Structure formats: structure tokens, C-alpha cells
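Construct the complete structure from the given sequences, taking the supplied hints into account.
There are 2 protein chains.
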Amino acid sequence: MNRIYDRVALIGLGLIASSMAHAIRRAGLAGEIVGTARSEETRETVRELGFCDKVVDSATQAVEGADLVVLAVPVGVMDEIAREIGPHLAQGTTVTDVGSVKRSVIDAVAPHIPEGVHFIPGHPLAGTEHSGPRSGFATLFDNRWCILLPGETSDPDALARLRAFWEGLGANVDEMDVDHHDLVLAVTSHCPHLIAYTMVGVADDLRRVTDSEVIKYSAAGFRDFTRIAASDPTMWRDVFLNNREATLEILGRFTEELFALQRAIRTGDGTLLFDYFTRTRAIRRGIIEAGQDTDAPDFGRGKTK
Amino acid sequence: MNRIYDRVALIGLGLIASSMAHAIRRAGLAGEIVGTARSEETRETVRELGFCDKVVDSATQAVEGADLVVLAVPVGVMDEIAREIGPHLAQGTTVTDVGSVKRSVIDAVAPHIPEGVHFIPGHPLAGTEHSGPRSGFATLFDNRWCILLPGETSDPDALARLRAFWEGLGANVDEMDVDHHDLVLAVTSHCPHLIAYTMVGVADDLRRVTDSEVIKYSAAGFRDFTRIAASDPTMWRDVFLNNREATLEILGRFTEELFALQRAIRTGDGTLLFDYFTRTRAIRRGIIEAGQDTDAPDFGRGKTK
Ligand SMILES: NC(=O)c1ccc[n+]([C@@H]2O[C@H](COP(=O)([O-])OP(=O)(O)OC[C@H]3O[C@@H](n4cnc5c(N)ncnc54)[C@H](OP(=O)(O)O)[C@@H]3O)[C@@H](O)[C@H]2O)c1
Ligand SMILES: NC(=O)c1ccc[n+]([C@@H]2O[C@H](COP(=O)([O-])OP(=O)(O)OC[C@H]3O[C@@H](n4cnc5c(N)ncnc54)[C@H](OP(=O)(O)O)[C@@H]3O)[C@@H](O)[C@H]2O)c1
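Quick note, the sequences are listed as chains A and B, same order. Residue numbering for the first sequence is 1 to 305, as defined by the UniProt record's numbering. Residue numbering for the second sequence is 1 to 305, as defined by the UniProt record's numbering.
In case anyone wonders, no lab produced these hints; they're calculated from the structure. Keep in mind the model is a prediction, meaning the values are calculated, not measured. Just so you know, even glycine gets a beta-carbon here, dropped at the ideal spot from N, CA and C. Nothing false has been slipped in among the hints.
Rough simulated footprint, nothing fancy, chain A against chain B, three-plus residues with beta-carbon under 8 Å:
| id | stretch |
| --- | --- |
| 1 | 134 to 146 |
| 2 | 195 to 207 |
| 3 | 210 to 222 |
| 4 | 251 to 258 |
Below, the structure is given as C-alpha cells:
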């Protein structure tokens, strides 16, 4: 018996929630999965796909009788959902979220959580460029990290259960300080996304190079950027608006360094360029050794045609 | 009989040349493959690997009796090699190169090519983050583009043969104007590489986020950048020093746009962010429809552990 919760309520049924549902079933972690999403269209799709035992029309209905509630909606919507479900949460329930930003989500959600309900924020560091209920798959979290951000007063039993749950989903669990999380993620995720969006935007804008040229000749490096820049606009708008400070700090560092490299190109300083490009290889090696990426050339992309 | 050349000389035996050798053999495009590289170590490795019929100690020896000579060395070395082999090239030989920048390579090589030898510059838009003679594989060019940049006086027969040769290697062949090539590549390859190097450098530099955190949590987007930033430092130094103007122009556009997005984050302009992020998705779709990348989530990366 791997069951950890009797009834898990998934609020939002996109990439993350649907992957959680598939992985919950794979490991038998819950007695029952109840889900809800904003649109009737998504709810209907999920009924067809069948990865929830029950799909209901509102968040308040979904949390009824649930011992784990997962907020899996864009960061900007967390406040509204928490406000809505707050009064309906039963004593002893655990509430968690999967939002990509933590300080602002905690500020938005915590005030609506009643005494006796355990709010433990979380963030699985796993995702793809696809979104929506059809994009989920059971192995998304395997060997990825899930960060939990318990407060000092968090209930140890509730925390241990949530940790076991994420481990059951395939993830390695870490705990982290809230503001440190937002800074680390600005570096490893938020800024890379903004930069990729920007570069793809520049390519799209440039009148002297046509879109069809950009598309045809993308294999030389650019196509990796377009994958990242194909991610969901709502999710990413909310991330940047809600992790403003850390994102702007890292972008400031980034432009500073970029200007130094630009200057080296302008002045023909090959040594500076060579040394800079040599240093960055070590990080790649570390990522491969840590099992967080494949060493196969081009990520082992299959032949595309 | 698919033989197009009797003897192909590969100058430089890294990723591109070794992949060409494997693909030449796969299709039977040459009677004989002769190769040379700078270091005895590489030459010895290639003798072991056996993808050349003959490995010789110098470029002048390699071009002897060759009807196709391929310069597959870093862009900054083209001048030196051309100067060396120029006097030893037989009438009717075709000389091509695979350098990632074209204007400066043409300026470096063309003056050393004798009358009656056909110099037709080229650039296969295919590569990986790995380098050296062990990194090559026969399918590297399959369904990728190879750009040829014949001059107005190029011999039509020599051009037709070189085109057939690249098609035999698996590539689709296009012709392009030299300066336009350098601009297009600045967009689709050179600037993305510089930006990726920069972002990885920032992550490595930041005192408040450790390298081990960056490595552990890279799956959220950053690891795609580290792949690009693991590419060969010599090759990329030479690319930037030799495509200075176009690279700096595109970087100028890039920082302009990045500042606009930074400003939107600072002022909380969610509409601007959302619209920007929506526009860039169309380009990704085009790339997938053109068969230049896979639509599988995360490039269909295999499980990494
Ligand atoms: N994608 C990633 O790579 C990733 C990784 C880690 C964490 N996250 C975080 O996970 C969360 C969900 O992301 P996702 O990728 O799963 O997004 P997604 O695929 O776009 O799904 C979002 C879901 O939220 C629902 N929703 C949106 N607004 C709502 C509202 N006002 N009320 C109720 N439901 C609403 C949507 O319903 P409809 O379908 O009806 O619109 C949809 O089911 C976000 O906070 C994101 O930051 C994402
Ligand atoms: N990698 C890509 O993604 C890619 C894609 C398209 C085009 N290109 C272009 O293709 C060319 C080769 O790139 P690559 O990736 O194949 O590089 P690589 O794997 O690093 O190999 C470079 C080769 O050039 C040889 N070489 C270097 N300096 C030399 C010298 N002074 N004399 C003789 N040989 C010398 C090296 O010999 P040693 O091994 O003895 O040092 C090595 O065999 C470059 O111009 C590059 O811009 C690369």
C-alpha cells in the first residue's frame, strides 16, 4: 500500500497537474483524484482523458473532503483561488502549490489559509514547453528536484507526508529558503526564458532576415531558444511580474557581462573571449554528471524528418 | 556508382571533417579520403578510428592529387592553410571550406587560390556541442542545410559537382549572398551562442547562488543554454572575431528589446509581456513544420539517469 492521501484535489489541470495525476496513479499514492479547471473545455477534455476520478465545476467543490489540495494554476491566479477555497478547507488538510515563484505566492495564499490547515508551498523543477491537460505524462518528475518551502511553524507530520508524496511521484525533494529560491530560479529558469523570448523576438522582427530564413537555418543554435520561447505566455507573464526583483537583478548582471563580451568583440580581444568560453564548459560537465541532462549530441534529438 | 571525386582531402579532422568522412563512406562519394590535422595526437586518433584511407602529416601532402580539398579548420586558421597549400593545388581542383563565417574566410582564402582552381566556399548548418575526431557521425548532415556561396565567375560544372557531393552527404543545398549569410548566421547561430555563454557565465559568477545549485536545478530551462555554451572555445572565438559587424548589430537589437522587456517587468506591464511571448510561438511552429526540430517535449531527451 503506497497510499499517502485519501483524496487529492487538483486545482488547475494543465501540464503540471495532469503529470501529477498520471504519476499518482502509477504509484498508487491517492485513493481518489478530484480535479477542476477554469474552462468547461478543459474539464470536458479531462473527463475524456480520464486521469481524474472526478472532475468538478469549481474549486470549492474540488476541495470538499480532500486531505491534499494542490494549486496548479498560473502564479497570478493563486490569490483568487486561495480566497475562494479558504473558507471550505477542513481542519488537517494540507494545501500546497506548484507555482514557479514563491515569495509572492506565499504572500497571496497564506492569509486565506485557516488555522489548523497546513500550507506548505512547493515547486517541482520539471516542465516542458507544452501546456494543457493533454501534455502531461507520468515520468515528468522522475529524477527531477521538487523544492518544498515549509515555514518555521509547519507541522512536521504534514511535511513528512508531502515529502513522501513527491518522492512517490519520482522526484528528489529539497527544502529551501523562500527568497533564495526566487533568486536561484531567476538564474536557472526565469532569466534564460526571458533571454530566449527576446532573441526569438529579435529574429522575428528583423526586416532584412525573413522568418522563413530563420526557420530554415535554425539548426545552428537558434532552435534551442525557440523551444524555450514556445512556453505558455500566461504562465511566464505571471512569473516575471511576480519575481520582479530577482529577475531584474540577474538581468542587470547579464547585460553587464554581455557588454564586456561585446567590447571584446569590438576591440578584437580574442584571449578574453577564449577564456570566457572555456570557463562555461565546466558547468555543463557538472550538469551531465549530476544526471540532469544527457551527454548525447544535440540532446540525442531523434531525426526530425 | 555514386563516386563524385576521386580523392577528397580533409584539412582539419574535427567534428565536421570526421562527420563528412563517415558520410562520404556511407554514400561512396569518393575513391579515397586523405586527411590531416595540426597535432600528431589527432592524426594518430584518426589512424586508429580509420575513417580516412590515409592520414598525412601536412596540408601540402594532403592536397596532392586531390580533386576536392575541404578546409575544415577554425575560421582564424583558414588564411594560414590557404597560404600553405596554394602553390600545391593542381589545375581543376575544387577547394571548399566549412567555416561558420564567410566574408572573412573568402577574404583570407581567395588570394591564395591559383588561376584554374575552383574555390567555392560552403557552410553546412549542422553541428553539435562536441568537437574533435571522435565526435563525428555519418548522419550529421541529413536533412540539414548546406549553404554554398559561389562567386559570379564560379565554374558551373565544379559547382554542380560540389552540390551533388553535399546532397550525397545528406544535406539540402542552398546558395546565398556572402554578406547576407553572415547576417542570417549572426541571428540564427552566433548571437544565440554568445548569449548562452553569457548567461552561463553569470550563473557561474554569482556569489549568492552556488555552482552546485545551478547544476542541480538546471532542468528548469538553464541546461539548454549550457549545451550551447559547451561548444568549442577556439571555434567560437574565431567566429566572433570574424563576424564582428553583423554580430554587434544583432546584439544591439537584442539589448534594445531586452531593455524594453525589462522595463515592462519593472512597470508591471503584463500586456506587453503576454503579447511578446505569444508572438514567438509561431516561429517554433514553423521550425517543427519545416522538419528542423522535433516536437517531442524537451526535444525527446531520453531519461538522463
Ligand atoms: N510548465 C512548467 O514548465 C512549470 C514547471 C514548474 C511549475 N510550473 C507552475 O505550475 C503552474 C501550472 O503550470 P502549467 O504548466 O501546468 O500550466 P497550464 O498547462 O497552462 O495549465 C494551467 C491550468 O490552470 C487553470 N487555470 C487558469 N486560470 C484559472 C482560474 N482563474 N481558475 C481555475 N483554473 C485556472 C487552467 O484552466 P484552463 O485550461 O481552463 O484555462 C489550466 O488547467 C504555474 O503556476 C507554473 O508557474 C510550471
Ligand atoms: N562545430 C559546429 O557546430 C560547426 C558547424 C558548422 C561549421 N563549423 C565550422 O567548421 C570548422 C571546423 O569545426 P569543427 O567543429 O570540426 O572543429 P573541431 O572539432 O574543433 O576540429 C578542428 C580541427 O582543425 C584542426 N586544426 C586547428 N588548427 C589547425 C592548424 N593550424 N592547422 C591544421 N589543422 C588545424 C584541428 O586539429 P587538432 O585536433 O590537431 O587541433 C582539428 O582537427 C570551423 O571553421 C567551424 O567554424 C562548425
